[in-house]
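So the protein sequences, as listed, match chains X and F.
Just so you know, we're using our numbering here: the first sequence kicks off at 4 and counts up by one.
Just so you know, we're using our numbering here: the second sequence kicks off at 23 and counts up by one.
Among the clues, some could well be false.
To be verified - Here are some, though not all, of the chain X residues that point toward chain F, as calculated from beta-carbon distances under 8 angstroms:
{"id": "1", "residue": "K15"}
{"id": "2", "residue": "S16"}
{"id": "3", "residue": "E310"}
{"id": "4", "residue": "A316"}
{"id": "5", "residue": "L317"}
{"id": "6", "residue": "G318"}
{"id": "7", "residue": "P397"}
Calculated from the structure, these hints are not laboratory results.
Where is the CB? At the ideal position from N, CA and C, for every residue including glycine.
In case you want the letters, here they are:
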Amino acid sequence: MRIDDVVRFSIKSLSAYPARTALILLAMVISIASVIILTSLGEGARLYVTGQFRSLGSHLLFVLPGRTETTGGLPPIFGTAPHDLTIDDSIALAHSVLIERTAPIVIGAADVSYGSKEREVTVIGSSHNLKNVFELKVAKGRFLPDDDIYRSDRVCVLGEKLHKELFGHRDVVGEWVRIGNYRFRIIGILAPRGASVGIDMSDAVMIPTPTAQMLFDRPALFRIIVKAKNKQALPRAEQEILDTIRIRHGGEADITIIRQDAMISTFDNILKTLTWAVGAIAAISLIVAGILIMNVMMVAVSQRKSEIGLLKALGAPTHQVMRIFLSEALMLSLSGGVLGLIFGLASVPLINYLIPDFVLQTPVWSIFAALATAIATGLIFGSIPALKAARLNPVTALSGK
Amino acid sequence: MISLHDICREFQVGDERVRALDHLSIQIDRGEYMSIMGASGSGKSTLLNILGLLDMPSSGSYRFEEKELTRLDEEECAAFRREKIGFIFQSFHLIPRLSAYGNLELPLMLKGIPPHERREMIVKALGDLGLSNRANHLPKELSGGQQQRVAIARAMILKPPLLLADEPTGNLDTHSGREMIEILESLGEQGVTLLIVTHDPQLGRRARRQILMRDGQIIGDTRSVLA
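Using the sequences and the hints, build the whole thing.
Given below as structure tokens:
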């Protein structure tokens with residue numbers, strides 16, 4: 004029997020029971036569409052998070068005080084170390100030819116008040132370099148001063164969200180605000196730039212490093228952010244940082260260096276796995292659809308016993324009968340798969356339109372995976388009824404019993 | 023053309039073994055017009071099924087044109103049915119969702135004849151049986167007699183040498199039944215070997231050779247009487 008004949012015969016069989024065919028198609032469509040939508044969600048999350056990390060700036064190294072060995076337990080996010088990181092360390096690191104610039108970071112929380120409004124805010128002590136390192140943009144005024152890094156000026160730059168909450172849309176550059184027990188002059192306001200992973204700059208206030216050390220009475224740096232000259236320089240820069248710190252800290256490189264690209268790839272991997280996982284969960288619904296196909300094909304085989312008998316009497320060999328029924332199952336699953344694909348791909352932009360903050364992105368592999376699983380579903384769940392049909396004894400099949 | 027020798031066919035029914043054909047032997051010549059009669063359970067349908075290779079004997083030999091058929095595998099049996107045998111059933115066995123044309127197309131599709139060659143064959147077959155204007159009708163839109171004519175056209179479209187009919191008039195009124203027999207007999211006159219299983223003595227007696235069966239054995243054969 005020619006392939007086109009098998010296909011035509013199957014189409015006629017399927018269209019003879021339109022309601023049943025439509026219901027199976029619906030189940031397939033929902034399954035495949037959910038695979039597409041859920042993997043798009045996962046992929047969207049992955050691109051969102053890695054994008055956020057990238058937006059921190061390119062080829063960065065984060066130098067943290069202490070090492071796993073010196074603090075014990077987990078990597079020392081808030082660890083203590085025998086030697087504090089200092090502004091001098093930060094300056095020393097910047098001397099390397101591999102390093103473009105460094106920014107010291109002191110971080111803490113303090114009450115910020117203006118008039119009758121007051122709230123606790125993340126205070127970041129850093130230098131002018133932070134602007135370049137994190138690729139920050141200033142909407143009004145200017146960023147932290149670029150002169151003496153040791154000068155503890157009482158000036159501050161407000162994050163965009165913080166500014167809006169305290170002052171609304173008023174231009175407040177040049178006005179005074181209270182941070183902790185000190186008065187600071189507002190010299191600049193950051194431009195908005197979406198959410199950020201790690202420190203939310205838009206909801207923070209930035210002040211010079213020595214001022215922050217004074218404010219929090221803490222001489223140590225929270226970390227030093229190092230911007231390498233380029234991506235290729237990263238490994239050597241990392242080594243050089245270790246060497247420099249070893250010299251400066253009495254022979255001990257008591258720091259931990261986290262590479263931004265390592266962080267990105269960690270999150271990337273986590274979210275890729277997540278995408279696979281949600282895809283797999285959606286694929287479970289495919290199994291349900293597959294069982295539905297099997298069930299309906301089983302009923303069809305019982306109902307069409309005499310037809311199967313006739314086909315055999317007319318000289319259809321076993322494998323031919325099998326092919327006919329398998330092609331019906333395959334056609335159901337494949338057309339359901341294609342419709343589901345169209346439906347899923349169409350709903351992704353729709354969801355993006357309805358929820359603009361979060362962009363769904365369909366990974367190309369999920370399209371192929373969805374189609375492949377649809378075909379596999381048809382083949383696997385179609386083969387049992389097809390085999391049952393093919394193995395029918397022609398005499399009993401013809402009698403329809 | 024056909025030689026059955028010492029054929030037995032046993033079925034397991036519950037704990038009991040039932041012998042549907044009991045050491046049956048028969049010779050059938052090319053172009054013979056033969057009826058098989060007998061009560062229900064006499065084994066006449068089993069005999070027909072074995073002749074049509076829908077069923078295999080438990081023991082014995084079945085030779086068709088000097089070829090031993092009992093050793094054929096599934097695939098070869100199917101090919102044999104496709105090439106050599108036309109079946110006609112009491113309940114017509116037309117596929118309800120296919121038109122008369124579509125039903126006639128089935129054996130041609132199974133044989134792998136390309137679509138453009140099929141058309142001519144189907145149109146001719148329908149024309150021969152006066153069904154030209156019924157090509158696009160579904161079986162349910164046809165009368166019983168027309169349905170059975172479609173079934174005959176389907177059985178004969180590949181011009182098999184052997185036509186097996188199981189109660190071909192059983193579901194038809196007298197008029198259509200007589201019409202059917204005339205069509206079958208005209209096929210017989212064209213050289214087709216014709217075997218009709220029937221309950222109807224009137225129909226059975228029209229055959230040139232009549233066989234009577236009981237308990238899986240042939241108890242009467244007009245040829246042996248005449249010979």
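Each hint, compared with the structure:
1. K15: holds, 6 angstroms
2. S16: holds, 7 angstroms
3. E310: Since chain F brings a Cβ to about 6 angstroms from E310/X, closer than 8 angstroms, the hint holds.
4. A316: holds, 5 angstroms
5. L317: holds, 5 angstroms
6. G318: For G318/X, the interface hint holds, since the closest Cβ of chain F sits about 3 angstroms away, which is under 8 angstroms.
7. P397: holds, 4 angstroms
Comparing the model with each earlier hint shows no violations; every hint is respected.
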